[in-house]
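S.K.: Here is what each chain is made of, one letter per residue.
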Amino acid sequence: MRKRTLIRVFSACALAAAVLCASGQGLDPASILNPTKDSWPTYNGDYSGKRFSTLTQINRKNVGMLTMAWGFQTDSSSNIGLKSTPLLVDGTLYFTEPDDVWAIDARSGRQKWHYRYHENEGLHIGQRGVGMYKGRLYFETPDAHLLCLDARSGEVQWDVVLADVKLGYWATMAPLIIRNHVIVGVSGDFNDLHGFLDSYDPETGKLQWRWSALPKPGEPGSETWPSKGDAMEHGGGMTWITGTYDPDLNLLYWGTGNPNPVLNGETRPGDNLFTCTIVALNPDTGKLVWYFQPSPHDVHDWDAVQTPVLYDGDFHGTPRKMLMQASRNGYFFVLDRTNGKPLLSAPYEQINWSSGIDSHGRPVGKREKYPSPAGTLVEPDALGATNWMSPSFNPDTGLLYVDAHRSFSLYYDLSNGKPEGFAGRDLSVWSRSSLKAIDYQTGKTRWAHDLGLGGNWAGVLSTAGGLVFTGDIHGNMLGLDAENGKTLWHAYGGGPVQSGPITYEVDGRQYILVGSNKVLYAWALPDAMLDRKQ
Amino acid sequence: MLRIVLLVLLSVPLMRQVLCAQDPDDVRQAQADAAVSAGKAQFRKTCAFCHGPDARGASGPDLIRSPLVNHDVNGNLIGQVIRNGRPEKGMPAFSLSETQIRQIADFLHSEAKIAATVARRVPTEYPLEKLLVGNAEAGKKYFNGAGGCSECHSPERDLAHIASKYKPIDLQSRIAFPPGAVPTVVVTEPSGQKFTGDQVYADEFLISLRDRDGWIHSWKRSSVKVDIHDPLAVHEELLTRYTDKDIHDLFAYLETLK
Numbered sequence: 001m002r003k004r005t006l007i008r009v010f011s012a013c014a015l016a017a018a019v020l021c022a023s024g025q026g027l028d029p030a031s032i033l034n035p036t037k038d039s040w041p042t043y044n045g046d047y048s049g050k051r052f053s054t055l056t057q058i059n060r061k062n063v064g065m066l067t068m069a070w071g072f073q074t075d076s077s078s079n080i081g082l083k084s085t086p087l088l089v090d091g092t093l094y095f096t097e098p099d100d101v102w103a104i105d106a107r108s109g110r111q112k113w114h115y116r117y118h119e120n121e122g123l124h125i126g127q128r129g130v131g132m133y134k135g136r137l138y139f140e141t142p143d144a145h146l147l148c149l150d151a152r153s154g155e156v157q158w159d160v161v162l163a164d165v166k167l168g169y170w171a172t173m174a175p176l177i178i179r180n181h182v183i184v185g186v187s188g189d190f191n192d193l194h195g196f197l198d199s200y201d202p203e204t205g206k207l208q209w210r211w212s213a214l215p216k217p218g219e220p221g222s223e224t225w226p227s228k229g230d231a232m233e234h235g236g237g238m239t240w241i242t243g244t245y246d247p248d249l250n251l252l253y254w255g256t257g258n259p260n261p262v263l264n265g266e267t268r269p270g271d272n273l274f275t276c277t278i279v280a281l282n283p284d285t286g287k288l289v290w291y292f293q294p295s296p297h298d299v300h301d302w303d304a305v306q307t308p309v310l311y312d313g314d315f316h317g318t319p320r321k322m323l324m325q326a327s328r329n330g331y332f333f334v335l336d337r338t339n340g341k342p343l344l345s346a347p348y349e350q351i352n353w354s355s356g357i358d359s360h361g362r363p364v365g366k367r368e369k370y371p372s373p374a375g376t377l378v379e380p381d382a383l384g385a386t387n388w389m390s391p392s393f394n395p396d397t398g399l400l401y402v403d404a405h406r407s408f409s410l411y412y413d414l415s416n417g418k419p420e421g422f423a424g425r426d427l428s429v430w431s432r433s434s435l436k437a438i439d440y441q442t443g444k445t446r447w448a449h450d451l452g453l454g455g456n457w458a459g460v461l462s463t464a465g466g467l468v469f470t471g472d473i474h475g476n477m478l479g480l481d482a483e484n485g486k487t488l489w490h491a492y493g494g495g496p497v498q499s500g501p502i503t504y505e506v507d508g509r510q511y512i513l514v515g516s517n518k519v520l521y522a523w524a525l526p527d528a529m530l531d532r533k534q
Numbered sequence: 535m536l537r538i539v540l541l542v543l544l545s546v547p548l549m550r551q552v553l554c555a556q557d558p559d560d561v562r563q564a565q566a567d568a569a570v571s572a573g574k575a576q577f578r579k580t581c582a583f584c585h586g587p588d589a590r591g592a593s594g595p596d597l598i599r600s601p602l603v604n605h606d607v608n609g610n611l612i613g614q615v616i617r618n619g620r621p622e623k624g625m626p627a628f629s630l631s632e633t634q635i636r637q638i639a640d641f642l643h644s645e646a647k648i649a650a651t652v653a654r655r656v657p658t659e660y661p662l663e664k665l666l667v668g669n670a671e672a673g674k675k676y677f678n679g680a681g682g683c684s685e686c687h688s689p690e691r692d693l694a695h696i697a698s699k700y701k702p703i704d705l706q707s708r709i710a711f712p713p714g715a716v717p718t719v720v721v722t723e724p725s726g727q728k729f730t731g732d733q734v735y736a737d738e739f740l741i742s743l744r745d746r747d748g749w750i751h752s753w754k755r756s757s758v759k760v761d762i763h764d765p766l767a768v769h770e771e772l773l774t775r776y777t778d779k780d781i782h783d784l785f786a787y788l789e790t791l792k
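Line by line, the protein sequences are chains A and B.
Using the numbering used here, the first residue of the first sequence is number 1, and each one after it goes up by one.
Using the numbering used here, the first residue of the second sequence is number 535, and each one after it goes up by one.
Since the hints were derived computationally from the structure, they do not count as laboratory data.
Quick reminder that beta carbons are idealized off the backbone N, C-alpha and C, glycines included.
Worth double-checking, as some hints may not be accurate.
Quick list of the computed label-pair ranges, beta carbon to beta carbon [unchecked claim]: (1) B:S756 with A:G317: 36 to 46 Å; (2) A:E119 with B:A672: 36 to 46 Å; (3) A:G417 with B:T633: 22 to 32 Å; (4) B:P661 with A:E119: 38 to 48 Å; (5) B:A627 with A:E233: 39 to 49 Å; (6) B:P601 with A:S77: 28 to 38 Å; (7) A:N120 with B:V561: 24 to 34 Å.
Calculated pairs, DSS-like style, for lysine-lysine (alpha carbon to alpha carbon, straight line, at most 30 Å) [said to hold, decoys possible]: (8) B:K664 with A:K369; (9) B:K664 with A:K366; (10) A:K216 with B:K647; (11) A:K486 with A:K369; (12) A:K366 with B:K779; (13) B:K701 with A:K369; (14) B:K675 with A:K366; (15) A:K228 with B:K779; (16) A:K369 with B:K779; (17) B:K623 with A:K366; (18) B:K759 with A:K418; (19) B:K579 with A:K166; (20) A:K166 with B:K701; (21) A:K166 with B:K754; (22) A:K518 with B:K754; (23) B:K759 with A:K228; (24) A:K369 with B:K675; (25) B:K779 with A:K486; (26) A:K486 with B:K759; (27) B:K701 with A:K418; (28) A:K61 with B:K759; (29) B:K754 with A:K486; (30) A:K418 with B:K623; (31) A:K418 with B:K779; (32) B:K579 with A:K418; (33) B:K675 with A:K418; (34) A:K369 with B:K728; (35) A:K61 with B:K728; (36) B:K623 with A:K216.
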């Protein structure tokens, strides 16, 4: 058995490290503060989580002219498909599936290299992408390892065990790089595990700090758990979606997952901090600065991991540093991100489980909507009013664009004796998806674009060209008018859109990248239309 | 002689499983089940006092979520702890045979698997008595009154013997929302020609239907007039009106239609 801190260093590591540092190639972490238009250097494109691009070459007047620039077929043997957001640095795109990393040319879609991880017993459910630091990439594997790859070749530099796959952990998220911190979270829902967030040294893979999503007895937050027994130790709180960062406040924002046992909370009376919580941490120490809990004592599997989107602007006449989240439980939150105080808590999707909000801006659950042995009809289903699909915020329109699901499920409490693991399940009976444009000042939906019957899984991108890009349930890639949601462009790629679209400009040409099952498509205006100086 | 008789008697359940099983996998499973049962008995005798009868912990730690147990293969790690004890933590050594240790290991692995997988899905053979919490009379009243069910459904026609057609858990889901009914589509071309059939595909750009002869036609949606009749639209609306009591009462009522 390996210890968590044990690092397997490959023979070429020391030499490669020296070469990488000397060459200065790759991604200087300082450049993430101001991403250039020919890059997409983090999972969300920058630290703010807006997924908003200032590029305007493609705009609402000409988007109908988009043509395919290239398509990259992964030829992957897995059935997962592309769920990752590509990174773009120095003309190379990096993206993933659970056991695969590809590096391809951003101009042509031609492959530079492909890395394939060995067979493993981890849960293969999805992979969201890589993080980059100088000449290295960071990749989380299904069996909860963190790999450092040479970005030139895909060769493994080091391999660290994040969590024990034998206990039921797995990993999917795209690491976030802040200065010399590689920040990584973990997943695992079935086995009453312990959620945490780690920071690793990008050069050596040494653990710098670990923030535990569950307090120890006597620590702040422990009062929200029973004082006897081991409920708190096994209480969940996974950290499986990439967070955001405010460099001025030097605060890292992260959402945590549901408590365990999942659908029965009898053995864990209390709010169950810090599960289903948005936390602000110091990225240098991992110390908690503030928290806000979207779902106190969750019993519906509604993680609060959705991207905490950062925006500085007016809120009801006062300039504010805000954090907003369209949460899986159906509530939209705007927080003052300097201190975590709620400015707005309002449902953005129809829900039946909550009677309103308390004096701290937190939703109040209805006891009669807890899962039961006879079945309880709850709106939304366990997949939630939204899920891991990336939202996008456009500062020009003041709208947060969210892939929202209206859904109903019969929730069954399946506990037999002491609840453990999932402790129950829901049978989804109906769902319908729409792209909702939420006014951050009111939480009200300005417009909704129907995406079809069922749960949709497409991420969202918005641009200064007045456009929103996403996909619908039928597999159509869509370009919508950011003001009113009208469809201005569409194309069917032959498979489901399950990843976050990105955009960039190289050689004076703007590209829109959308994944469709196992194909990554690049769209651009026809060369003949573009007046470019090469 | 007595010993032989006992041995035979004790082996009967196992033998029956082995003899009836055709598939080698079933044989192995039966043997494994026997080992797990033996391991459970041994565990309760030797270990449950500290670790709890279900191995989820008592004064001693939860073994189901223990890294050592989850990394153990056929007792290789568990055996060391049993044989040597953990004197620093107050656990004595036990002198058990290889077989006994292996059986305890099998039991612990089996429990860990149960803990991780028991609730991964709602069982299709869900116990009827757990679902029967409503009032059939109230359900009948709702069916013929507030629910408006009788406007489309009848216990004598489409719902006759409905409780025999579906498993209880499926029947309740279908009360909440019945899947599968295909919308009917009428497409009118600019010339006035009409096409009627079952919807095959519909998005915001395209409409497609199967006509009576089985041919699938499709049109650009903006070029034709499209009328879609969705028989489930009423059920979508019902979802927002249903209380849990309505669903459980309706279920109790429909369960009487055997």
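S.K.: For each hint, tell me whether it holds in the structure or not.
M.R.: The hints, checked one at a time:
1. B:S756 with A:G317: 36 to 46 Å: Given a distance of about 43 Å, which is inside 36 to 46 Å, the answer is holds.
2. A:E119 with B:A672: 36 to 46 Å: violated (56 Å)
3. A:G417 with B:T633: 22 to 32 Å: holds (29 Å)
4. B:P661 with A:E119: 38 to 48 Å: For P661 (chain B) and E119 (chain A) the Cβ distance comes to about 39 Å; the hint holds.
5. B:A627 with A:E233: 39 to 49 Å: violated (27 Å)
6. B:P601 with A:S77: 28 to 38 Å: holds (31 Å)
7. A:N120 with B:V561: 24 to 34 Å: This hint holds: roughly 30 Å between Cβ atoms.
8. B:K664 with A:K369: holds (17 Å)
9. B:K664 with A:K366: holds (22 Å)
10. A:K216 with B:K647: Holds, because 27 Å separates the two Cα atoms, which is no more than 30 Å.
11. A:K486 with A:K369: violated (36 Å)
12. A:K366 with B:K779: holds (15 Å)
13. B:K701 with A:K369: holds (24 Å)
14. B:K675 with A:K366: Holds: K675 (chain B) and K366 (chain A) sit about 27 Å apart, inside 30 Å.
15. A:K228 with B:K779: Roughly 36 Å between the alpha carbons, so the hint for K228 (chain A) and K779 (chain B) is violated.
16. A:K369 with B:K779: holds (12 Å)
17. B:K623 with A:K366: violated (44 Å)
18. B:K759 with A:K418: Roughly 58 Å separates the two Cα atoms, so the pair is violated.
19. B:K579 with A:K166: Given pair K579 (chain B), K166 (chain A) holds - Cα atoms ~27 Å apart, limit 30 Å.
20. A:K166 with B:K701: With a Cα-Cα distance of about 36 Å, the restraint between K166 (chain A) and K701 (chain B) is violated, given a limit of 30 Å.
21. A:K166 with B:K754: violated (52 Å)
22. A:K518 with B:K754: The hint holds at about 27 Å.
23. B:K759 with A:K228: Not OK: K759 (chain B) and K228 (chain A) at ~66 Å, beyond 30 Å, violated.
24. A:K369 with B:K675: holds (24 Å)
25. B:K779 with A:K486: violated (41 Å)
26. A:K486 with B:K759: Since the Cα atoms of K486 (chain A) and K759 (chain B) sit roughly 20 Å apart, the hinted pair holds (cutoff 30 Å).
27. B:K701 with A:K418: Roughly 27 Å between the alpha carbons, so the hint for K701 (chain B) and K418 (chain A) holds.
28. A:K61 with B:K759: holds (28 Å)
29. B:K754 with A:K486: holds (17 Å)
30. A:K418 with B:K623: holds (26 Å)
31. A:K418 with B:K779: Holds, at about 27 Å.
32. B:K579 with A:K418: Holds. K579 (chain B) to K418 (chain A) sits at ~22 Å (cutoff 30 Å).
33. B:K675 with A:K418: Given that 30 Å is the threshold and the Cα spacing comes to 38 Å, the pair is violated.
34. A:K369 with B:K728: Given pair K369 (chain A), K728 (chain B) is violated - Cα atoms ~47 Å apart, limit 30 Å.
35. A:K61 with B:K728: Not OK: K61 (chain A) and K728 (chain B) at ~36 Å, beyond 30 Å, violated.
36. B:K623 with A:K216: holds (21 Å)
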